[in-house]
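Keeping their order, the protein sequence lines are chains A and B.
Once you know that position 39 of the first sequence is 38 in numbering that gives the first Met the number 0, the rest is easy, because the numbers rise by one and skip nothing.
Once you know that position 264 of the second sequence is 263 in numbering that gives the first Met the number 0, the rest is easy, because the numbers rise by one and skip nothing.
Everything labelled a hint here was simulated from the structure, so no lab data went into it.
Please read these numbers as outputs of a predicted model, since none were measured by experiment.
For glycine and all other residues, C-beta sits at the position ideal for the given N, C-alpha and C.
Please note that a few of the clues may not be correct.
Claimed, not checked - In the DSBU-like style, the derived pairs of lysine-lysine whose C-alpha atoms are separated by at most 30 Å in a straight line are:
#1 A:K29 / B:K88
#2 B:K320 / A:K29
#3 A:K27 / B:K320
#4 B:K169 / A:K107
#5 A:K320 / B:K320
#6 A:K147 / B:K268
#7 B:K256 / A:K268
#8 B:K47 / B:K147
#9 A:K147 / B:K27
#10 B:K320 / A:K147
#11 B:K29 / A:K22
#12 B:K256 / A:K27
#13 B:K88 / A:K256
#14 A:K170 / B:K268
#15 A:K178 / B:K107
#16 A:K320 / A:K355
#17 B:K47 / A:K29
#18 A:K29 / B:K107
#19 B:K268 / A:K268
#20 B:K320 / A:K268
#21 B:K27 / B:K49
#22 A:K92 / B:K22
To be verified - Just so you have them, the derived chain B footprint on chain A, three or more residues with Cβ under 8 Å:
#23 265 to 275
#24 301 to 308
Residue-level listing of the chains:
There are 2 protein chains.
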Amino acid sequence: MIGVGLLGLGTVGSGVHQILTNKRDYIKRKLGEEIIIQKILVKDVTKKRKYHVDNFLLTDKFEDVLKDSAIQVIVELIGGEEPSFSYIKEAIKRGKHIVTANKLIMAKHGEEIVRLAEENSVKVYYEGSVGGGIPIIKTLNESLVANKIERIYGILNGTTNYILTQMTEKKVDFKDALKEAQNLGYAESDPYFDVSGLDSAYKISILSSLSYETFVDVDSLYIEGIERIEPEDIEIADELGYVIKLLAIGKRLENDKLDIRVHPTFVPKNNPISRINGVYNVVQIHGDTVGEIMMYGQGAGEMPTASAVVADIIEVAKNIKYNISNGLINNLQPHTLVSIDEVENPFYIRLMVNDKPGVFAKIAKVLGDNNVSIASVIQKHRLTPVVPIFLRTHPVKEKYLNQAASELSMIDDVREIKNIIRVEEL
Amino acid sequence: MIGVGLLGLGTVGSGVHQILTNKRDYIKRKLGEEIIIQKILVKDVTKKRKYHVDNFLLTDKFEDVLKDSAIQVIVELIGGEEPSFSYIKEAIKRGKHIVTANKLIMAKHGEEIVRLAEENSVKVYYEGSVGGGIPIIKTLNESLVANKIERIYGILNGTTNYILTQMTEKKVDFKDALKEAQNLGYAESDPYFDVSGLDSAYKISILSSLSYETFVDVDSLYIEGIERIEPEDIEIADELGYVIKLLAIGKRLENDKLDIRVHPTFVPKNNPISRINGVYNVVQIHGDTVGEIMMYGQGAGEMPTASAVVADIIEVAKNIKYNISNGLINNLQPHTLVSIDEVENPFYIRLMVNDKPGVFAKIAKVLGDNNVSIASVIQKHRLTPVVPIFLRTHPVKEKYLNQAASELSMIDDVREIKNIIRVEEL
């Protein structure tokens, strides 16, 4: 019998509880051993719950879980930084194996946790922290072990993908799409964590750390959210053959520097990533031997994430049952991040200008003077004195583009730079 | 040091040799142990090869590999049924672990091989047998272990997917697309194995066996190839909102019967599978907890498949190094296949009829009399006495559809039933 202590009984915790309860016989048959939940840490033991949970399992004291000698695996599903981080560290020091879906902790403190686990001869699994039920971490760690990973592209946040999909398909604006996502429970009442790109940044930092055998601190990354995307941007993207996605990018450049960032991106329609809509997540990986592979699935939600967490629990249980103590070795190497100023991309620029002769010539001169060359221009005829211009540039370093943008904004007839969005040809 | 014996040095074998040679230091660092190729079985030791291979490794006698006590893992990459099957069995009996990419053997003899391996306390890995570098077998075995699998859909053959993609995008006919695929090396000079659907059938039989904890004999499956697809079918599919794909289907029905088959299929354009083009493979899985997940990648070729084979070799090496002897338990259960006659699908039918009043009424009556109800009809105006009619039906059991088709062909004004293709709404 393998004893499990559950920390947290929210969305994912309830899912894990249900699977381990409903599939107990099946798991016993697969594993040759029972997995039993011994204790569940909750805030309020008297709270009414949607599903039946045996009352004697519940406790509001972490000590009860930590000190239960029948518990070999602690499953952290509280989320957030504290007290989860402290709980995980204490559990490791007590020799408990850890399963968690906590992206924040793995992105901010993954290096410390993995080192602490090694010192205490326990293992830490965290498949549920990225991409819900998509087995991306196992794939990177095991199936692609013969590969030097070159690039990762991901849509790693279901909330923002849902919002952008609604904006694209129903032509609604950001605020209305957000409101609908909140009504459907796809977005939190405080949506900052999702729409700012932060959630995606935690996840790409975890995937980049694994892919490039290093530890990428999420605080060092360039992150931009989707708040400034307007229906007009999406419409022009469509005309130019692109879809706007909040893309998480993790590349190893030729000089071995890492280029890791999260921002709204023009994705070409012919790339399958552009077709992944709604709350789905997707990860596309390029390895030197496997070429391109892509995995997609529901990126969040009770059951998909619980599916990944339970797979991790069964893996740990297998290790305990057969006394398996070692796996592949990760020698984390230091890395250098490329500065966002030095990153080279094509850009899309939306400007509002006075509808007068000669304005475009001024814009073109400023761009040319700053090494920015124009790939295409769209100008829509309007019966207004102020009209939009949509530009797509050839690839150019961000520092030149930024300098050009600042000079453009000083031209009298340029009323406003509405948006600048990176284009990724993938 | 872990010793490997390679059987076969063709496309995939060369890829494995290159990876194990070029990445020897990297693998040693990851595994904490060297993996060394000790012997390679080839047909002709004097043959000139594209890549350098140390001559002393080569032998044309299987005995040399089998009896080499430094070899713990035998990697079978010859393909085909014999002598591969005998070699694998002899190797297992000698206590060697097996890695293979041989779909034919796993689909036809998988049950016997797995049982023999258990008796001899060795392991058999075969990730490379399905989907090239896509880690689909590990995902089913490990990551989705908490799931009851409900359905698998796959495009599992790159050759036929390339041909259908060319027919769709360039509006060429089957013969020309096949010729081009052969010129590019995507199709064999004898393309039967691919275009008949047999290759896909081997693969869906392997995936269904794993998903439904049983052994599905490929000889019991309904299999139909792509030879009869014409540009006109593809054009009408497009008009109706579908793409024609050679789909491999493995479903568990509500009565627990299995519905496993391979045939050309109308796939809705809004399903991402419809966008997987060229030589790419894709697998879409529905599990009761994870929901829908999808994985795609290059389904064949030297390096993608070698990537999967080397991951398996490293897994075996890890097991040997750390003396890991056990994993999850597969109790293969018997199963009942549903007969193709009882399978219920919408159908697309293309008929050539005399352009006379009253013909369509006769067709509609025959369909109605046989419980086949029409969902949509397209009739194109032509200046010829014989015109095509395109029908899409509502879901109906195959036996009714077949009876209707046989009666339709007896109507005087029906000149020919050109094609009948199943529609899958996924």
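Hints and how they fare:
Taking the CA atoms of K29 (chain A) and K88 (chain B), the gap is about 26 Å. The hint holds against a cut of 30 Å. Restraint check: the Cα-Cα separation between K320 (chain B) and K29 (chain A) comes to about 24 Å, which is no more than 30 Å; the hinted pair holds. Between K27 (chain A) and K320 (chain B) the alpha-carbon distance is near 27 Å, which keeps this suggested pair within the 30 Å criterion. Restraint check for K169 (chain B) and K107 (chain A): not satisfied, since their Cα atoms lie roughly 50 Å apart, outside the 30 Å limit.
Between K320 (chain A) and K320 (chain B) the CA atoms are separated by roughly 18 Å; this keeps the pair inside 30 Å, and the hint holds. For a cut-off of 30 Å, the pair hint linking K147 (chain A) to K268 (chain B) is broken: about 34 Å separates their Cα positions. Pair hint K256 (chain B) plus K268 (chain A) does not hold up; C-alpha atoms about 39 Å apart against a cutoff of 30 Å. Taking the CA atoms of K47 (chain B) and K147 (chain B), the gap is near 50 Å; set against the 30 Å cutoff, the hint is violated.
Between K147 (chain A) and K27 (chain B), the direct Cα distance comes to roughly 15 Å. Compliance with the 30 Å bound is thereby established for this hinted pair. Taking the CA atoms of K320 (chain B) and K147 (chain A), the gap is about 23 Å. The hint holds against a cut of 30 Å. Restraint check: the Cα-Cα separation between K29 (chain B) and K22 (chain A) comes to about 35 Å, which exceeds 30 Å; the hinted pair is violated. A threshold of 30 Å between alpha carbons decides the hint, and for K256 (chain B) with K27 (chain A) the separation of about 24 Å falls inside it, so the pair holds.
About 48 Å separates the Cα atoms of K88 (chain B) and K256 (chain A), which puts this hinted pair outside 30 Å; it is violated. Using a Cα cut-off of 30 Å, the hinted pair K170 (chain A) and K268 (chain B) holds, with the two alpha carbons roughly 21 Å apart. At most 30 Å may separate the alpha-carbon atoms for a hinted pair to count; K178 (chain A) and K107 (chain B) exceed this at roughly 54 Å. A distance of roughly 77 Å separates the Cα atoms of K320 (chain A) and K355 (chain A); the hinted pair therefore is violated under the 30 Å criterion.
A threshold of 30 Å between alpha carbons decides the hint, and for K47 (chain B) with K29 (chain A) the separation of about 48 Å lies outside it, so the pair is violated. The straight-line distance between the Cα atoms of K29 (chain A) and K107 (chain B) is roughly 24 Å, inside the 30 Å bound, and the hint therefore holds. A hinted pair counts as satisfied when its Cα atoms are at most 30 Å apart, and K268 (chain B) with K268 (chain A) qualifies at roughly 14 Å. For the suggested pair K320 (chain B) and K268 (chain A), the alpha carbons sit about 47 Å apart, so the restraint of at most 30 Å is broken.
Between the alpha carbons of K27 (chain B) and K49 (chain B) the distance comes to roughly 26 Å, so the proposed pair stays at or under 30 Å and holds. At roughly 36 Å between alpha-carbon atoms, K92 (chain A) and K22 (chain B) are farther apart than 30 Å, so this suggested pair is violated. Coverage of the segment 265 to 275 of chain A by chain B holds [criterion: at least 3 residues with CB-CB distance below 8 Å; count 3]. Look at the segment 301 to 308 of chain A against chain B: 5 of its residues bring a Cβ nearer than 8 Å to a Cβ of that chain, three or more, so the hint holds.
In this structure, the earlier hints numbered 4, 6, 7, 8, 11, 13, 15, 16, 17, 20, 22 are contradicted, and the remaining ones agree with it.
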